[in-house]
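Colleague: So the chains spell out like this:
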Amino acid sequence: MIDDILNFLDPYWWLIIGVVKAVIIAVGLLSTVPLLVWLERRLMGRFQVRLGPNRVGPLGLGQALADAIKLLFKENIVQSSADKFLFYLAPAVVVFTAIVTFSAIPFGEPFEVGGESIGLWGANLNIGLLFIFAVSSMGIYGIVLAGLSSNNKYSLMGGLRSSAQMISYELTLGLSALCVVLMSGSLNLYDIVKSQSDMPYAIPLFPAFVLFFIAGVAETNRAPFDLPEAEQELVAGFFTEYSGMKFAMFFMGEYINMITMSALITILFLGGWNSYIGFDIPILVFAFKVFLLLCVFIWLRSTFPRIRYDRLMTFGWKILLPTSLVTMLAYSAIKVLVIDA
Amino acid sequence: MMEFLDQLWSFNLDRETVYGLFQQSLVFIIGMTAILASLGVILCASPIYSALYLIGNMVCLAMLFLLFNAEFLAVVQVVVYAGAVMILFLFIIALLGSKEEKRELSFQNFTALSFVGLLFGELLMSMMVGETKPVLGQVTPEVVQQVGSAKAIGIELFSNHIVPFELASLLLLVAAVGIISLAKFSYKPLRKRTRT
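Residue numbers (the numbering used here), protein chains in the order written: chain A, 1 to 341; chain B, 342 to 537.
Read the hints as simulated data drawn from the structure, not as lab findings.
Among these hints, one or two may not hold up.
[Said to hold, decoys possible] In silico SDA-like links for lysine to any residue, alpha-carbon gap of 25 Å or less:
| hint | chain 1 | residue 1 | chain 2 | residue 2 |
| --- | --- | --- | --- | --- |
| 1 | A | Lys84 | A | Ile99 |
| 2 | B | Lys492 | A | Leu182 |
| 3 | B | Lys492 | A | Gly119 |
| 4 | A | Lys194 | A | Val181 |
| 5 | B | Lys492 | A | Leu171 |
Work out the full structure, taking the sequences as your base and the hints as a guide.
Modeller: See below:
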């Protein structure tokens with residue numbers, strides 16, 4: 001019986017591998033989120049000279065589990081004036097796009113099993129970088145729909161703010177990523193990592209790196225750019241009306257986006273899984289770099305106050321965008337006149 | 342169970358056949374979804390849902406591009422239309438407030454509906470005509486790989502179509518300048534302007 005099934009499945013095992021990869025990526029990402037929340041709270045505690053959660057379990061690790069269980073069992077309140085369908089759709093869109101975005105990120109060399117090479121990625125696309133931008137720009141809809149469907153002025157303000165902010169900072173993000181594409185000559189993330197085997201792009205492309213990092217923080221709606229959920233002005237911004245697991249899904253989306261953005265910065269500017277010091281376990285190198293960037297994200301949050309909304313827009317359109325345009329022009333000139341000549 | 346497996350086995354499905362069948366059914370499903378979504382755009386009473394159906398339609402089109410190996414076009418479709426343009430649509434709907442339209446069959450609606458019906462008829466007619474023009478030249482896996490790639494489109498745009506491309510970019514620049522001047526400098530009547 002089992003032999004028969006195995007015989008039948010044998011020609012289709014490439015499909016099975018795809019499914020297994022998808023499950024691993026989704027489950028891995030979702031289970032990293034509580035850990036990341038725990039890490040953020042612990043680190044924030046240290047930054048602000050206090051302890052952070054340390055009562056439940058060793059080092060307070062049980063707190064993550066306890067929070068997850070609490071959120072699962074909380075009552076799900078949907079206010080009667082909300083647009084039910086959109087209200088349910090919005091958090092799903094946020095989490096879905098966040099996970100799909102990560103599926104295009106490679107995190108190691110492919111390895112051989114049974115004569116067929118298995119890549120450490122969900123999908124190695126020729127247009128990987130563009131795909132990530134495309135899907136992550138779809139993630140804005142989750143936030144806008146949450147704002148629109150809640151029938152609450154704070155939610156609406158949060159939704160509008162976030163869409164305006166993400167549209168403005170996407171331009172800088174794309175332009176500074178274009179510098180990397182110029183240098184490596186490929187949109188494929190695997191090839192981009194390959195082309196950094198001697199030196200990470202953060203060194204020759206330092207201005208682009210800084211621009212990409214700033215725009216990346218803004219794109220993930222993290223402090224100091226967390227205008228969409230500014231507590232003091234908007235209660236909780238676009239997810240004011242959400243409770244229980246749906247509230248947690250917005251959190252999941254934000255933290256997964258944070259991981260994806262860190263991974264993207266690692267791939268584009270920090271050389272991906274190239275270690276440069278002879279340490280030769282690609283996955284660990286990659287994970288370490290991502291971890292370091294996540295810590296920087298948390299560090300930024302606990303250090304900087306929130307920017308005022310008009311300053312945010314001015315900064316995005318009048319400073320970051322022209323700078324990134326000039327940077328791109330300069331690097332394309334260098335590419336044409338120096339490297340190719 | 343065993344018999345069922347044997348039966349499937351006897352078809353002797355190899356990778357290519359399964360893949361082809363799978364792709365054809367996918368094209369059909371996605372195409373139907375796109376048509377349904379576009380129907381939703383015109384038949385929906387609430388503007389928000391209309392906009393959402395339009396987004397669905399665009400995503401379906403992008404998936405069709407993807408199935409026909411034009412991955413660059415697919416992603417550009419999502420980035421430009423679904424990602425940027427539709428966000429602005431939703432923005433405007435949110436700012437102006439969304440009122441549901443009343444459904445009544447007036448003369449205008451009747452004309453519009455009959456026009457849509459006519460277009461559908463035309464679509465069906467074009468299906469009867471037959472196969473579309475096939476791609477010229479040798480079709481090898483390498484060529485197929487090349488067709489939809491960013492590189493191929495870039496070379497095509499910047500060699501054969503450089504003049505229209507630059508003209509289009511000029512047009513966009515003019516539009517951008519126009520929008521900024523409209524938004525930034527409010528128009529005052531001539532008489533008032535001379536006085537200040």
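Colleague: Could you run down the list of hints and mark each one as holding or not?
Modeller: How the hints compare with the structure:
For the hint pairing lysine 84 of chain A with isoleucine 99 of chain A, the CA-to-CA distance comes to about 24 Å; that is within 25 Å, so the pair holds. For the proposed pair lysine 492 of chain B and leucine 182 of chain A, the alpha carbon gap of about 13 Å is at most 25 Å, so the pair holds. In summary, the hint linking lysine 492 of chain B to glycine 119 of chain A is supported, as the alpha carbons are separated by about 24 Å, within the 25 Å threshold. Restraint check for lysine 194 of chain A and valine 181 of chain A: the C-alpha separation of about 13 Å stays at or below 25 Å, so the hint holds.
Among the hinted pairs, lysine 492 of chain B with leucine 171 of chain A is consistent with the structure: their alpha-carbon atoms are about 22 Å apart, no more than 25 Å.
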